[in-house]
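Undergrad: The chain contents come next:
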Amino acid sequence: MIYAENILLCIAVPLLITLFFLRGNARRCIASLLIGMIACLLAAYISGYLQLVTGSTEHNTAVFLSPIVEELLKCMPLLLYLLLAPKENELLIASVAIGAGFATFENCCHLLSVGASSLLFVLIRGLAVGVMHIVCTTALALGLMVCRRHRALTIAGILGALSLAVGFHGLYNLLVSVEGCSSYVGYALPIITAAALSFLFQRLYPGEDGSSRPSVQEPGQDLPESPPQ
Amino acid sequence: MSLTTWETVITGLNAAVLIGTVAGSIRLLRRRPRSLTVFYFHFAIISDLTAMLYWLAFDLLLIQTRMPFAANEFAEAAAFLMLAASLNAAEGGSFRDARTEVALAAVFGVCNAALWVTWNGEWAEFILGGAAFTYFLCVCARCLKHSGALNRCQWIVLGAGSLVVLLLQLGWIAWAPAHPVMDHIATAPAVAMVLLWIIRLVRAIRRGESWQRRFILAVCAFAWCTTVMYMTTGWWYLAAELLNIIITPLMLLQLEREAEP
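Chains as they are written, first to last, in this note's numbering: chain A, 1 to 229; chain B, 230 to 490.
Note that these hints are calculated values from the structure, not bench results.
In this text the structure is predicted, and so the values were computed from the model without any measurement.
Be aware that a few hints might be false.
[To be verified] Simulated coverage check for chain A against chain B, where a stretch passes if three residues somewhere in it have a Cβ under 8 angstroms from a Cβ of chain B: (1) 61-75; (2) 153-160; (3) 164-171; (4) 177-189.
[As the list claims (entries may be wrong)] For the chain B half of the interface with chain A, some residues (derived, Cβ under 7 angstroms), not all of them: (5) F272; (6) T279; (7) A300; (8) A307; (9) L310.
Note that the Cβ used here is the ideal one computed from N, Cα and C, for glycine as well.
Given these sequences and hints, build the entire structure.
TA: See the structure below:
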C-alpha cells in the first residue's frame, strides 16, 4: 500500500511554490502539470469507488472503467480553459502539461508500489503509459478546438472529442492487458500516434516562419467566406 | 468457419468500411468546411470506428470477460448524439412539430433499453447508451416528420413494425422454453424492416428527392439497423451487421450530393 496523497503533496509543494516565480506560458504549464496530478489522484479514488459499486475485479476496472474516468477528469480542466477562451496554442500547452502531470504522478505511484529495478520495465512505463496520456489529452484538446472553430462546441461535439480520447485510452489498456503480441502493439501504439499527431500538428499549425511552432489563431479565423448552411 | 470467426471477420470488414467512410468524410469536409451536417457526421463516423476497433480488440482478446461499461459504449453514445446533431443541422424544425411521432419514438427507445437491461443484465451501459439512443430516435422521428420523407401508409407500417418487434422481443424474453423458435420469429420482422428502409432510400435516390430527405432516410435505416444489432445474436446479428456495412457508406453518399454545386 502506498500513501498517494502524501506523494502528491511531496511532488506538488515545490511546483506550487514555483508558480509564484513564473509568468505567462511557463506558469500556465506548471499549473496544468499540477492539475494533471490532482486529476490522477481523483481518478484513482473514483475508479476504486466504481469498482465497489459495479462489483468488478481490479483488472476489469483498470481495463474498462478507468479510461473513461481518467479522460473525463482530464477533460474538465480543458473545458474550463475553453470557457476562459484562451488562444489555441495556450490550450494545447495546457493539454500537454495536464497529460504529462497525470502520467508523471501515475508512474510515480506505480513505481513506488511495484519497484523500479528493471530498466526495461521503467522504459516501457515511461514511453508507453507516459506518452499515451499526453497523446490522449492532446487529441482531446485538438478535438475541442476543431469543435470551437466550427461553432460546434455542444454536448455532442464535446462528447465526440472525448470519445476519441476515451477510445484510444481504452484500446491501449485492452491491448496491454493480455500478454503476448497484442501487448507489444499496445506499447507501440502511443509512440506511433504521437508521431502521427505531431505530423498533423505541423500541418494544422504551421509557424509563420515555416517552422512547426503553433501560430496564434482565434476561433473561426481560418474558415472561408462561404454562406452558412 | 465457426460463428465466432465469422463475427470477427465481419466486424473487421465493418471497421474497414468505416475507415473508408471516414476518408470520404474528410474529403467532403474539405469541400464544405462550414457544413455542420458534414462536420458532425464526420465525427460520428470516427466515434463509431473507435467503438468498432475497441469491440474487435475485445472480441479477439477478452471475449469471456465481463464488461460492465467500457470505452466502446461511450463512443457509441457519442456517435448517436453526433448523428442526431448532424440531422438537426440538415433539417430544421422543433420537437413540437412532431409531438406524437417523437413520443412514440421515445417509448420505443425506452422499451428497447429496458429489454436490453433484462436480456444483458448490465444496467449501466444500457441506461447510459439507451438515453443517447432514445434521443437519437426522437430526432430521427422529428426529422422524418418535418421533411415529409414518409407518407401516411409508411408511417403506419413503421409504427406497426415497431410494435410487432417490441412485442416479439418481450415474448422472446418472457417465454424461455421457446427461445430457439422465438429467436427467429422475433428477429425476422426486425431485419425485414431494415430492408424496407433501404428500399425506401433507393426509391428516394431514383426519384431524385432532396439530399436532406435522402440523408434522413439513410440515417433512419442506420438507426433501425443498430436497434436490430442490439437485440440479436448469432447469424441474425451477422445479417444485421452486413446490412449496416451497406448503410454506412450510403449515408456518406447522400451527403456527397449536398456538396455538389
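Undergrad: If a hint holds in the structure, say so; if it does not, say that too.
TA: Hints, verified against the model:
no. : hint    : result
1   : 61-75   : holds (count 5)
2   : 153-160 : holds (count 6)
3   : 164-171 : holds (count 7)
4   : 177-189 : holds (count 3)
5   : F272    : holds (4 angstroms)
6   : T279    : holds (3 angstroms)
7   : A300    : holds (3 angstroms)
8   : A307    : holds (4 angstroms)
9   : L310    : holds (4 angstroms)
Figure legend: structure checked against the earlier numbered hints; every hint is met.
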